[in-house]
Amino acid sequence: MRSLAARIALASVLLIEGCVTINIYFPAAAAEKAADKIIDEVWQLKNPEKSAVPPAK
Amino acid sequence: MNIKKFMRCSPLLLVLLVAAGSASAQANLEVNTPAIAALQASMQQRHAELAPLFGNGAVGLTRDGFVALRDANAVSLAQRPQVNALVAAENQDRAALYREIARANGKPEWENEIRNTFAQRWIDKAQGGWYYQNNAGAWTRK
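Chains as they are written, first to last, in numbering that gives the first Met the number 0: chain A, 0 to 56; chain B, 0 to 141.
Just so you know, the hints here were simulated from the structure itself, not pulled from any lab data. Since the model is a prediction, treat every value here as computed from it, not as a measurement. One or more of the hints may lead you astray.
What the hints assert, rightly or not - Label pairs and their in silico Cβ distance ranges:
(1) B:K106 to A:L14: 18 to 26 Å
(2) A:A28 to B:A34: 18 to 26 Å
(3) B:E29 to A:L13: 28 to 36 Å
(4) A:Q43 to B:Q91: 44 to 52 Å
Cβ atoms here follow ideal geometry from the backbone N, Cα and C, with glycine treated the same way.
Here chain A stands alone, though its shape is the one from the complex (with noise of 0.2 Å):
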């Protein structure tokens, strides 16, 4: 029993160690928001005076 939670302890670790490793590689999910972002103003893809005008009725 002692030897399942020392071996549970340590896959922790490792897997601790693994998502400090994961962060020296490239965010490729933020890249992609950051570049959504950036071509959205550049592109004008989206427009916040569209949306604010009320339906006009």
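Once you've looked at the hints, dock chain B against the given chain A.
Using the frame of chain A, we list chain B on its own:
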């Protein structure tokens, strides 16, 4: 009671919490710098002139995150120098943008990956009818 069971599970719980924490810590890239804002404004202004050139196929989106003159015949001879200048200026801004985002995040070595991410997103967000280079480098109409 099954406190023993909980004790056994708690390391797993800890792992999950730490994994969630590290995922949220890298949720955003820094893009709010004066240099990036200036490039963005310059490109936004230029887009008014570039949009019709994307529309008639004179200019297309390259697979490496830039723009290129694709069909010189879609532009009159008199307009060609101006179009070439637009393409050159746009590519200069784009190169600076990719470099600045990498620098703003303290990772100049990310420049190429940022450029590749943008390359894909420019194409994904392009209007129907615009031209882009596919993975083989061939011009394709969207």
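Starting from the range 28 to 36 Å, see whether the pair B:E29 and A:L13 falls in it by beta-carbon distance. holds (30 Å)
B:K106 versus A:L14 beta-carbon gap, inside 18 to 26 Å or not: holds (24 Å)
Determine whether the Cβ-Cβ distance between A:A28 and B:A34 falls within the hinted range of 18 to 26 Å. holds (24 Å)
Evaluate the given range 44 to 52 Å for the C-beta pair formed by A:Q43 and B:Q91. Given range 44 to 52 Å: violated, Cβ gap about 21 Å.
Going down the numbered hints, you'll see the structure goes against just number 4.
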